[in-house]
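Starting from the structure of chain A, add chain B where the hints point.
Protein sequences appear in the order of chains A and B. Read left to right, the first sequence gives residues 1 to 314 (my numbering). Read left to right, the second sequence gives residues 1 to 314 (my numbering).
Hints should not be assumed to be uniformly reliable.
One copy or two, it doesn't matter: identical chains are merged, so the pair holds either way.
Claimed, not checked - Computed cross-link-like contacts, BS3-like style, restricted to lysine-lysine with a CA-CA straight-line distance of at most 27 Å: (1) Lys185 x Lys20; (2) Lys185 x Lys286; (3) Lys286 x Lys92.
Hints are computed from structural coordinates only; laboratory data are not their basis.
Protein chains: 2
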Amino acid sequence: MSILVVGSVAFDTLTTPSGKREKIVGGAATYFSLAASFFTGVRVIGVVGEDFTKEHESILTNRGVDTQGIEHAPGLTFHWTGSYSGSMNEAKTLGTDLNVFATFSPKIPAAYQDSDFLFLANIDPVLQLEVRKKMPNVKMVCGDTMNYWIADHTDNLKAVLKELDVLLINDGEARMLSNQSNIVKAAEGVLALGPKSLVIKHGEYGATSFFSNRAFPPVEGLAGITPRPFRAPALPLAEVVDPTGAGDSFAGGFYGYLASQPVFSPEVFRTATFYGGVMGSFACEKFGTERLQTLTREEIDARFETFREISHLS
Amino acid sequence: MSILVVGSVAFDTLTTPSGKREKIVGGAATYFSLAASFFTGVRVIGVVGEDFTKEHESILTNRGVDTQGIEHAPGLTFHWTGSYSGSMNEAKTLGTDLNVFATFSPKIPAAYQDSDFLFLANIDPVLQLEVRKKMPNVKMVCGDTMNYWIADHTDNLKAVLKELDVLLINDGEARMLSNQSNIVKAAEGVLALGPKSLVIKHGEYGATSFFSNRAFPPVEGLAGITPRPFRAPALPLAEVVDPTGAGDSFAGGFYGYLASQPVFSPEVFRTATFYGGVMGSFACEKFGTERLQTLTREEIDARFETFREISHLS
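Isolated chain A, as found in the complex (with noise of 0.2 Å):
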C-alpha cells in the first residue's frame, strides 16, 4: 500500500572527516522515499526550484518514486550546508537558504488521494497539520519533527502530535518535548501529548519503541494493553562516510516495512524498528543518498539477519 510523504528535497552541501560534496540532492522526503521504496510505493509531496533538474529528480524516480507532487516554482530549491566532526552524532549547520521551501504550500496531486499511510517528515507542523487535514482517511499517520519546531511552535507541534500513530525522535527530542531527562519518564510524556506509538532513536545505540494503551487496534486482540519497550540495535560501523539522513531513513525502512505488511501487531512493530535501523546503517555508508541509490532488497535482508544475528542469543 502507498505511503504519501511530505517533506523536504533540497540540495545539501557536506562536510565530513571522509571528504566533501557540493550541492548534492538531499533532503528528509528524498532520504525517506528512497528507504521505503525498497518496501512499498511511495509518492512525494514537496517544491524544488529551477536548479533542481531532471537528472537531480532521476533519483527518485530510478526507484519508482512518483515524484508528480513535487511542485517546481521559481526560484532556487532549499540548500542546507552542514559539516561533521569527531563521533559525528550532530551535525554543525553551516548555513540554511530556504529559498522556494519559505512559501512551500503543499498541493496533494489527485492521484494520491487514496494513499493509505501518510508521513510527515519534518517540516512547518503548520503544514504537517494542513496535510493531515487534506488527507483525513488515511490508516495510519506518521511523523518525525526536530528541536527547533519543539522549542518556538511548541502549540502548533502539539496539534500534530495529537494526530499521529507514531512519532519518530532522537533522545535529545524526547526530552525536551516533556521535559523529562529520564528517557521512559520522557516516553510517557511525549505518548501522553497524542502519539499512540513513539520511536526514539539514539544514533549508533539503535532505537526503543514505546507504546500507548492506544497503539494497537482492537482487532489484534490488543486492546488496551500497552506492549513492552523493544529495543532494537544499531550496527556498529567502522566507517560513517556521511550520517546525513541517516534518521529519515530509518523512518523510511521502519514506515516502508509497515505498509507493506496485512496487519499491524507488535511483532510487526517490531521487526519495523529493526528494518529501520537496516536503512539508517546504509545510509551513513556513503556521501548523500549515494548508497541507497545502488542498495538492493537482498543487501537490505542480509543486513536485516546481521541485525539479528548480533543481538539475539540463540
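Chain B in isolation, oriented as in the chain A frame:
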C-alpha cells in the same frame, strides 16, 4: 568455579535526585562480589579500616562471599563522596579519601590459590598486575579500569591489558584508550593492546562485546575465527535511584555467569553480556547495594527473560 576479585571495599556518601546516603558500604569489589555471588563462589581481596564492622562485612558474607582476603588495617576505610544529577550518566566526585587504601598491598590467602577465575576491579594497574602474577594458573582473567589510569598510568595499564582475556570499559574509556572516536575502530585499537575480548558498556543503551581472533580457544573449533560484535540491551528504567556500582554489578553478572558455565563459547559470552545488563539494572533501583542484598535468582532470571523479550524478534 570460584572467582577471585581484587578491588575496593569502601564507604560511599551519595547524593542523587532521589535522596542522600552517608557512608554506606560500596566499592567496586563489593558490587562485583554481590552480583557475581548469584552465579558462582566469590572470594574478595581488599582492605578496610577500623570503622568497617562485622555488620558492614555481613552484606558480603550474607551472600556467601568469602571475605577472609579482606584485610583490616589501622585507620579509616576508603571513602568516596559523589553526586548525580540530570540523566545521571556520570557521577560528580566531591571527595576521595583513600585512607587505608593508599597503602594497600594485596595479600592472597592460601585458601584462594585454587581460584579459576580472576577479576581485577578498577584499581592501580600496578596492583592489578601484582595480583595477576601471583595467580599464574587461573583459567581466565577479566579486568576493569578508568580514565584516571588510562590518562596518567598508561604504561602500567598496558602491561595489565596484555594479561586480560576480557576487558570491561565504557565508551569514553574505550575512545580514550584507543584515541579513536569511532567505536568500532576504538574496539579494534583496544583489542590490539592485548585483551582477547572487550565489552564496551553504553550505560542506559546496553553494551557491545567485541572479539579478537584470539577470543575463543581452539578446542571450541573456533581458532582464528572472529565472531561478530554482539549488542545487548539495557532495560529502560523509569526511575534510576542511584547508578553507583552499576558498572561493577554488570561485571559481576557477566563474569559470574561465565564462571558458572562448563564451556566458554560465543553463545555463553553473549548470554553473559545479557546477565551483565540484568545485574546493572537491578543495582540502579535502590541506593548502594540495597537492591542486590534482597535480590533472588528467580528475579534475576525473570529479568533476563524481560531483556530477551524487549530485544528479540519472534
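Let me make sure I understand: some of the numbered hints might not hold for this structure. Which ones are they, in numerical order?
none
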